[in-house]
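> Chains as they are written, first to last, in numbering that gives the first Met the number 0: chain D, 0 to 620; chain V, 0 to 251.
Fair warning: there could be bad hints in the mix.
[Said to hold, decoys possible] Simulated restraints on C-beta separations:
#1 D:LEU53 with V:TYR41: 27 to 35 angstroms
#2 D:ASN338 with V:GLU75: 53 to 61 angstroms
#3 D:GLY400 with V:PRO52: 34 to 42 angstroms
#4 V:GLY39 with D:LYS179: 26 to 34 angstroms
#5 V:MET159 with D:TYR540: 56 to 64 angstroms
#6 V:ALA153 with D:LEU53: 28 to 36 angstroms
#7 V:HIS187 with D:ASP79: 30 to 38 angstroms
These are computed hints drawn from the structure, not numbers from a lab. Only a predicted model underlies this, so the values are computations on that prediction, with no experimental measurement involved. Backbone N, C-alpha and C fix where the C-beta goes; we use that ideal spot for every residue, glycine too.
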Amino acid sequence: MRKLALNDEILLKIEKPARYIGGEVNSVMKDPEKVDIRFAMCFPDVYEIGMSHLGIQILYDMFNQWEDVWCERVYSPWIDLDKIMRKEKIPLFALESQDPVKEFDFLGITLQYEMCYTNVLQVLDLAGIPLEAKGRSGEDPLVIGGGPCAYNPEPLAEFFDLFYIGDGETVYRQLLDLYKENKSNSGTRQDYLRKASEIEGIYVPSLYDVTYNADGTLASFSPSVPHVPKTVKKQMVLSLTDTYYPKRPVVPFIKVTQDRVVLEIQRGCIRGCRFCQAGMLYRPTRERDVEKLKEYASQMLKNTGHEEISLSSLSSSDYSRLKELVDFLIEEFKGKGINISLPSLRIDAFSLDVMEHVQDVRKSSLTFAPEAGSQRMRNVINKGLTEEEILTGAGQAFEGGWNKVKLYFMLGLPTETQEDMRAIPELADKIARRYYEIPKEERSGKCQITTSTSFFIPKPFTPFQWARMYSNEEYIARAAIVKHAFNDQLNRKSLKYNWHDAEITVLEGVFARGDRRCSKVLLEAYRLGCIYDAWTKVFDYGKWLKAFENTGTSMAFYNERERKIDELLPWDFIDIGVTKEFLVREWERAMKGEVTKNCREQCSGCGAARFGGGVCNESKN
Amino acid sequence: MKARIKFRKYGSLRFIGHLDVMRYFQKVMRRSEIPIAFTGGYSPHMIMSFAQPLGVGVTSDGEYLDIQLTAPVASERAVAKMNAVMAEGIEVLSFVQIPEEKKYSGMTITAAADYRVTLLESARSAEQTRRIPGILKAQAEHFLGQEEIKVWKATKRSEMEVDIKPMIYDMQVGDADIRLFLAAGSEHNLKPDLVMEAFLDFCGEEKGAYPLHFHRIDVYAKNPDAWADEKAAHVRGAGLVTLESLGKKIGE
Numbered sequence: 000m001r002k003l004a005l006n007d008e009i010l011l012k013i014e015k016p017a018r019y020i021g022g023e024v025n026s027v028m029k030d031p032e033k034v035d036i037r038f039a040m041c042f043p044d045v046y047e048i049g050m051s052h053l054g055i056q057i058l059y060d061m062f063n064q065w066e067d068v069w070c071e072r073v074y075s076p077w078i079d080l081d082k083i084m085r086k087e088k089i090p091l092f093a094l095e096s097q098d099p100v101k102e103f104d105f106l107g108i109t110l111q112y113e114m115c116y117t118n119v120l121q122v123l124d125l126a127g128i129p130l131e132a133k134g135r136s137g138e139d140p141l142v143i144g145g146g147p148c149a150y151n152p153e154p155l156a157e158f159f160d161l162f163y164i165g166d167g168e169t170v171y172r173q174l175l176d177l178y179k180e181n182k183s184n185s186g187t188r189q190d191y192l193r194k195a196s197e198i199e200g201i202y203v204p205s206l207y208d209v210t211y212n213a214d215g216t217l218a219s220f221s222p223s224v225p226h227v228p229k230t231v232k233k234q235m236v237l238s239l240t241d242t243y244y245p246k247r248p249v250v251p252f253i254k255v256t257q258d259r260v261v262l263e264i265q266r267g268c269i270r271g272c273r274f275c276q277a278g279m280l281y282r283p284t285r286e287r288d289v290e291k292l293k294e295y296a297s298q299m300l301k302n303t304g305h306e307e308i309s310l311s312s313l314s315s316s317d318y319s320r321l322k323e324l325v326d327f328l329i330e331e332f333k334g335k336g337i338n339i340s341l342p343s344l345r346i347d348a349f350s351l352d353v354m355e356h357v358q359d360v361r362k363s364s365l366t367f368a369p370e371a372g373s374q375r376m377r378n379v380i381n382k383g384l385t386e387e388e389i390l391t392g393a394g395q396a397f398e399g400g401w402n403k404v405k406l407y408f409m410l411g412l413p414t415e416t417q418e419d420m421r422a423i424p425e426l427a428d429k430i431a432r433r434y435y436e437i438p439k440e441e442r443s444g445k446c447q448i449t450t451s452t453s454f455f456i457p458k459p460f461t462p463f464q465w466a467r468m469y470s471n472e473e474y475i476a477r478a479a480i481v482k483h484a485f486n487d488q489l490n491r492k493s494l495k496y497n498w499h500d501a502e503i504t505v506l507e508g509v510f511a512r513g514d515r516r517c518s519k520v521l522l523e524a525y526r527l528g529c530i531y532d533a534w535t536k537v538f539d540y541g542k543w544l545k546a547f548e549n550t551g552t553s554m555a556f557y558n559e560r561e562r563k564i565d566e567l568l569p570w571d572f573i574d575i576g577v578t579k580e581f582l583v584r585e586w587e588r589a590m591k592g593e594v595t596k597n598c599r600e601q602c603s604g605c606g607a608a609r610f611g612g613g614v615c616n617e618s619k620n
Numbered sequence: 000m001k002a003r004i005k006f007r008k009y010g011s012l013r014f015i016g017h018l019d020v021m022r023y024f025q026k027v028m029r030r031s032e033i034p035i036a037f038t039g040g041y042s043p044h045m046i047m048s049f050a051q052p053l054g055v056g057v058t059s060d061g062e063y064l065d066i067q068l069t070a071p072v073a074s075e076r077a078v079a080k081m082n083a084v085m086a087e088g089i090e091v092l093s094f095v096q097i098p099e100e101k102k103y104s105g106m107t108i109t110a111a112a113d114y115r116v117t118l119l120e121s122a123r124s125a126e127q128t129r130r131i132p133g134i135l136k137a138q139a140e141h142f143l144g145q146e147e148i149k150v151w152k153a154t155k156r157s158e159m160e161v162d163i164k165p166m167i168y169d170m171q172v173g174d175a176d177i178r179l180f181l182a183a184g185s186e187h188n189l190k191p192d193l194v195m196e197a198f199l200d201f202c203g204e205e206k207g208a209y210p211l212h213f214h215r216i217d218v219y220a221k222n223p224d225a226w227a228d229e230k231a232a233h234v235r236g237a238g239l240v241t242l243e244s245l246g247k248k249i250g251e
């Protein structure tokens, strides 16, 4: 029987001890004596969030297929256990072996959102690994970062030995073989990092020098050592059909956020919304073969025992074989008590028909994400969804028995005017009016239109990467304008409006487009006690303000100035395939309110065709 | 057809709570392809009920759930199929057919449970046990000899004082452990920690002086008519038999 890292007394005292015991169905046990490399894969948030992440399940499965590697999972201990581990000096451990993370060869950390950055420090700290890479020795694991936030790794540059830029399925084998080779040649940590930097897609921050201009902007960014590449190229799996996919994902004992089988039907998105980072990073769009997906669905349901299956992609409606796949899932599994959930579907006749088959119309709500209230604003962000499409979709849904609608918008988009803000409640009201057009005896009571707004955050590698953000107060003022306009609507009693605080928004803004100097703010915030910043009940904005003040860092410098097109940006050394020329072109078109067609309608020459696959090749067939 | 599953819970899975064990078994049913029946309606769920919840931290050799089948499965095959897809820490011990009537369901007939309580060297580990001190052994008789044993029992809304003596069917203080045979089920239910707290308090021990580990040995039913196999039934006290013995093996 496995010996647990935490003793019974602790396990019986803390919330949800099952977060820390491992041993779940399909978790992989190996003999540590019989592997060459021990890899700790970490999602720096609580177990229930981390276990819901598909990317880690994919990599966990891939690593463990390799006989010489044992990959184990690590999550952030929740704050109750965090305190106990510090007090009793219990080192952070991996779930499978329950061994200390410090004994591993690699610690991989996935970076999914900026507000987990202090948790990265928490993980390193609890593991007993020096926070800054320069303080580490050959005894410490190599700390490697990946995931969407690794596309601007600079705010975290001091804390990581390496970053992996792009799809994880491609060069990990090379990276691990190099590690073994270096070890057998008695090479040092430095030797390894230098050689690793020559592998495509690998970024070793310690091998680059950064200088700044007097105004604080970047002056230069270049390798400090010969043979280290000037640009780091994004890695991409061209064929999603012929790569790794976890047929036996780990089944948690406790309820987690994504407690179901997840089928990734495609990667990337053809739409080109100008605010969307994923839409640019994962170009070109690549589909997984429908026959393969059917096979995976059956195997995964059988191997996990889950009672629900969900499709995952940025825009499921754009998957070319969606109807065939959904028909198969309904036919095959609906009668066996398996729920089918279809997120990110465009509302149209087809999706309404599908939804009627898979869910209870009376209980479920329809979701639209127009992102902006006015057509002008939607053109600026290139969200190809018209008011007519929304009203037609909603109308069809209302006639089919639905009476709940959820709407998602962003505030603070580039060029936004008060008129654009007021257009949000006006659109919500038009949807309600459409509902009340249905004769009283044919509709089921009142309708419920729930509108939520978030604040726009410009992200690297998007056409809006140069855009300015606003202050916390300005965001709240914008939300107040929307709130007031809701009160003026005819159907205000059927409309509900939610908005969030902007405190987290402005911090996310800083770290999304920050540079290396931001690392000292992170360190200071962590020192002041910030962790779990993505959790509103834990988040402490006061401490963050203090961290900015103590380090003499200006939030406004990162957020509130519009960057010049020719400014050297901290992430410019990464090549994602999509060219800067394209992003500039799109930024200019946005300012003119010009819409750009999606990849299937017309190629707009973004540069991703260079990879020679996915949607770029479709049209040529 | 109705079937009763008996399983044991040990090792690290004692830290998994009752609701999660229920979810766990739903997934076991699917993985092992046991032909379990579903309720009707828009969101059908498995027809499955647990006899008696087990507290977090407690281990057990006698946990039960009853399920409704759509087709018969041989006992041995069902046990093998389930154990093939099990995580370490839960093991299915038997699978038997039980009568269809609701009055024989595990939840309805559960009347008692017995426990083994061990004293630990430290609360850090349930492995390191210590011998029962003579003073406790000497007090056991006096403890049970009281007219009534009043304790404060927390209910859903408040706390109230109850006499637990009628719910203690037996208590044996040995050298290595303390055996408790207590009322369990929907009518009267007594948790072993409550008894131990009252006992240690009676012995004049400070609260928390003895870290304890609780292990449930089995769960018992009254009214052993139906199909009880009297010989295998481990009849205890007032004609109580294990839930398992109220079922019969399903052949190939």
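> Return the numbers of the hints above that this structure violates; sort them in rising order.
Those not satisfied are hints 2, 4, 5, 6.
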